[in-house]
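In case you want the letters, here they are:
Protein chains: 2
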Amino acid sequence: MRIAIDAMGGDRAPQAIIDGALAAIDVIEDDDELVLIGREDIIRQYLGEDIRWKSKISIVHAPEMIAMDDSPVDALRRKRKSSISIMARMGADKEVDAVVSAGNTGAYVAACQMLMRLLPGVSRPGILVVFPTLGGPVIACDVGANIAPKPLHLHQYAMMSTIYAREVVGIPNPTVSLISIGQEDAKGNELVKTTNQLLRDDPRINFVGNIEPREFINGPANIIICDGFVGNVILKLTEGIAESLFKAIAHEISLQKPDLIKFFQPLMDGLYAKHDYNEYGGAPLLGVDGTCMISHGSSNANGIKNAILRARQQVLTNINEKISQQLQRITVR
Amino acid sequence: MRIAIDAMGGDRAPQAIIDGALAAIDVIEDDDELVLIGREDIIRQYLGEDIRWKSKISIVHAPEMIAMDDSPVDALRRKRKSSISIMARMGADKEVDAVVSAGNTGAYVAACQMLMRLLPGVSRPGILVVFPTLGGPVIACDVGANIAPKPLHLHQYAMMSTIYAREVVGIPNPTVSLISIGQEDAKGNELVKTTNQLLRDDPRINFVGNIEPREFINGPANIIICDGFVGNVILKLTEGIAESLFKAIAHEISLQKPDLIKFFQPLMDGLYAKHDYNEYGGAPLLGVDGTCMISHGSSNANGIKNAILRARQQVLTNINEKISQQLQRITVR
Numbered sequence: 001m002r003i004a005i006d007a008m009g010g011d012r013a014p015q016a017i018i019d020g021a022l023a024a025i026d027v028i029e030d031d032d033e034l035v036l037i038g039r040e041d042i043i044r045q046y047l048g049e050d051i052r053w054k055s056k057i058s059i060v061h062a063p064e065m066i067a068m069d070d071s072p073v074d075a076l077r078r079k080r081k082s083s084i085s086i087m088a089r090m091g092a093d094k095e096v097d098a099v100v101s102a103g104n105t106g107a108y109v110a111a112c113q114m115l116m117r118l119l120p121g122v123s124r125p126g127i128l129v130v131f132p133t134l135g136g137p138v139i140a141c142d143v144g145a146n147i148a149p150k151p152l153h154l155h156q157y158a159m160m161s162t163i164y165a166r167e168v169v170g171i172p173n174p175t176v177s178l179i180s181i182g183q184e185d186a187k188g189n190e191l192v193k194t195t196n197q198l199l200r201d202d203p204r205i206n207f208v209g210n211i212e213p214r215e216f217i218n219g220p221a222n223i224i225i226c227d228g229f230v231g232n233v234i235l236k237l238t239e240g241i242a243e244s245l246f247k248a249i250a251h252e253i254s255l256q257k258p259d260l261i262k263f264f265q266p267l268m269d270g271l272y273a274k275h276d277y278n279e280y281g282g283a284p285l286l287g288v289d290g291t292c293m294i295s296h297g298s299s300n301a302n303g304i305k306n307a308i309l310r311a312r313q314q315v316l317t318n319i320n321e322k323i324s325q326q327l328q329r330i331t332v333r
Numbered sequence: 001m002r003i004a005i006d007a008m009g010g011d012r013a014p015q016a017i018i019d020g021a022l023a024a025i026d027v028i029e030d031d032d033e034l035v036l037i038g039r040e041d042i043i044r045q046y047l048g049e050d051i052r053w054k055s056k057i058s059i060v061h062a063p064e065m066i067a068m069d070d071s072p073v074d075a076l077r078r079k080r081k082s083s084i085s086i087m088a089r090m091g092a093d094k095e096v097d098a099v100v101s102a103g104n105t106g107a108y109v110a111a112c113q114m115l116m117r118l119l120p121g122v123s124r125p126g127i128l129v130v131f132p133t134l135g136g137p138v139i140a141c142d143v144g145a146n147i148a149p150k151p152l153h154l155h156q157y158a159m160m161s162t163i164y165a166r167e168v169v170g171i172p173n174p175t176v177s178l179i180s181i182g183q184e185d186a187k188g189n190e191l192v193k194t195t196n197q198l199l200r201d202d203p204r205i206n207f208v209g210n211i212e213p214r215e216f217i218n219g220p221a222n223i224i225i226c227d228g229f230v231g232n233v234i235l236k237l238t239e240g241i242a243e244s245l246f247k248a249i250a251h252e253i254s255l256q257k258p259d260l261i262k263f264f265q266p267l268m269d270g271l272y273a274k275h276d277y278n279e280y281g282g283a284p285l286l287g288v289d290g291t292c293m294i295s296h297g298s299s300n301a302n303g304i305k306n307a308i309l310r311a312r313q314q315v316l317t318n319i320n321e322k323i324s325q326q327l328q329r330i331t332v333r
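Those sequence lines, one after another, are chains A and B. Residue numbering for the first sequence follows the numbering used here, beginning at 1 and increasing consecutively. Residue numbering for the second sequence follows the numbering used here, beginning at 1 and increasing consecutively.
In case anyone wonders, no lab produced these hints; they're calculated from the structure. Each hint should be verified, as a subset may be incorrect.
Same chains, same names: a pair is fine if it fits in one copy or spans any two.
[Said to hold, decoys possible] Taking lysine-lysine and the DSS-like style, the derived pairs with C-alpha atoms no more than 30 Å apart in a straight line are:
id, residue 1, residue 2
1, K274, K236
2, K54, K94
3, K187, K79
4, K193, K79
5, K150, K187
6, K150, K236
7, K81, K187
8, K257, K150
9, K56, K247
10, K236, K193
11, K262, K322
12, K236, K187
13, K322, K150
14, K257, K274
15, K322, K94
16, K94, K81
17, K274, K247
18, K262, K274
Just chain A, same shape as in the assembly:
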């Protein structure tokens, strides 16, 4: 299997990306190969004299770079030789089995969608994330690919997430819920109300009803479905509040019991590690004809390594065929 990695994308690129690739080659199989895409001179410099990589990593030169704050559509038009564009074209041409980037998410998603195209039956791709919670992993989709979805799209996300949960995360009969502001079927906006009915009517989806945002993290359902705007708010807010709260707690301790800080810090570090997005590695863009893993912009080497392994696992489960089979049975109503 060949897995392409955008060496230039992410807040800590290229160092963290290349270190992540080097860490991954120790655990992938003999017939796997990693392809680093980006400025060849820079990549070679960071790979250095490390002999481990010679037979396992190849380099594809991409002279241009899309910055984290470039406008996605503009950047893709202007920078056709960027690492993201070249990588997505290689994915489209099946020169690689999977692509991984921690770069500009908007540009990456747009490039994968336009160049790799969608699986038969899929109307829009969706980004899926796995939240680690005390009660086990909770899967959310969509968290930002589609900010003005139709009920049909959310229905497809529910089906794709069900397949992902079963085949990749290993949950045999995953429960699905719909984010709303009130648990009753009659509450929520029009999108939620119509989608609720579609999910209730589909026997392939183990739908358990609407769920309030405050509940999702306690894990009453394995999967939560939402529109990309709301999903992105949930994703970003969860990170933001956790960070702020840790700061507030440290501040409170330093005010009231400064001698406890030395005990507290390792505890917090342990807790942080359990909820670290780097542990999961990446968020798949489901629905495209290929395997696209989106890594967090601030991924470290461990995050990149795990994204590579997660992409590899997804290719092996062959979920795209299953997604396509099931989604061709969901038609516009």
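Given chain A's structure and the hints, the job is docking chain B onto it.
Then chain B, alone, in the frame of chain A:
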């Protein structure tokens, strides 16, 4: 001034409501009066022999009750003699200067909107909340009154929130931001993009641009504007994550350093108190012709007392006149 309080609404009603009213009479002025609305026999029983209330609290009998999980529209139609309906009618007839309820939010908002009507110039009412953060109070509007708003409505929320921040919270020149998924003006859904332009073009609003949800709690703007669905997600999720995180921390400590729990608990209690919604008391429903304070469903007596004081303060600032003046200059585009 006369302030009406729904004695039957809230998870801890009537005990917490009546205790809150009793606590408030110690701090309101001599010419203020509280009106408890609900089942007279029950209210008298809870007021008991306490002599403090005799000259300061009157009772208005309401034989019916809207339950927390009743469907709002149904309940208002069927239960015209509920405490919420009677209270909103008294507000409409100017028999009271302000109304306070911790009951069924949907029914309460609908009753106030329908019976008390809107201020001249206001198209839709919005719920405003004040988040206590380490960097000071952050105001959010709307958090659930209007789940399918138009750009005009968000523009009006920005203007009303600016007036509220200045007159009630005491922030001289409050900055306003718009919740989006990316800071750039070009990002976000159509609602966000159009509203962004309206806010930029209004010199009365100190607009500082879009803001990502993860940033809002760090206080880069005094006010955040969002649609009611997203705002409600933010409100509920913030509560939910904080709760879960406190639990996760306690769990981690009990696993790794069980002897620290006794130090940790009071610290957490102190931190909780600083961020306790009961301290702020209530969320005003802005835009109605009157003063409506929405208390959290699980408010305790302190929360009810503070909601009464907050309602009183709002009446004294006379913000409705200012809102009406400013909003009549915002016309449909």
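Structure-based check of each hint:
no., hint, result
1, K274 - K236, "both (18 Å within a copy, 23 Å between copies)"
2, K54 - K94, "within (23 Å within a copy, 82 Å between copies)"
3, K187 - K79, "between (45 Å within a copy, 20 Å between copies)"
4, K193 - K79, "between (41 Å within a copy, 26 Å between copies)"
5, K150 - K187, "both (17 Å within a copy, 19 Å between copies)"
6, K150 - K236, "both (23 Å within a copy, 24 Å between copies)"
7, K81 - K187, "between (48 Å within a copy, 24 Å between copies)"
8, K257 - K150, "neither (52 Å within a copy, 49 Å between copies)"
9, K56 - K247, "neither (42 Å within a copy, 44 Å between copies)"
10, K236 - K193, "both (25 Å within a copy, 20 Å between copies)"
11, K262 - K322, "neither (50 Å within a copy, 52 Å between copies)"
12, K236 - K187, "both (24 Å within a copy, 15 Å between copies)"
13, K322 - K150, "within (22 Å within a copy, 40 Å between copies)"
14, K257 - K274, "both (26 Å within a copy, 17 Å between copies)"
15, K322 - K94, "within (19 Å within a copy, 63 Å between copies)"
16, K94 - K81, "within (18 Å within a copy, 69 Å between copies)"
17, K274 - K247, "both (18 Å within a copy, 14 Å between copies)"
18, K262 - K274, "both (20 Å within a copy, 24 Å between copies)"
Hints 8, 9 and 11 from the earlier list are contradicted by this structure; the remaining hints agree with it.
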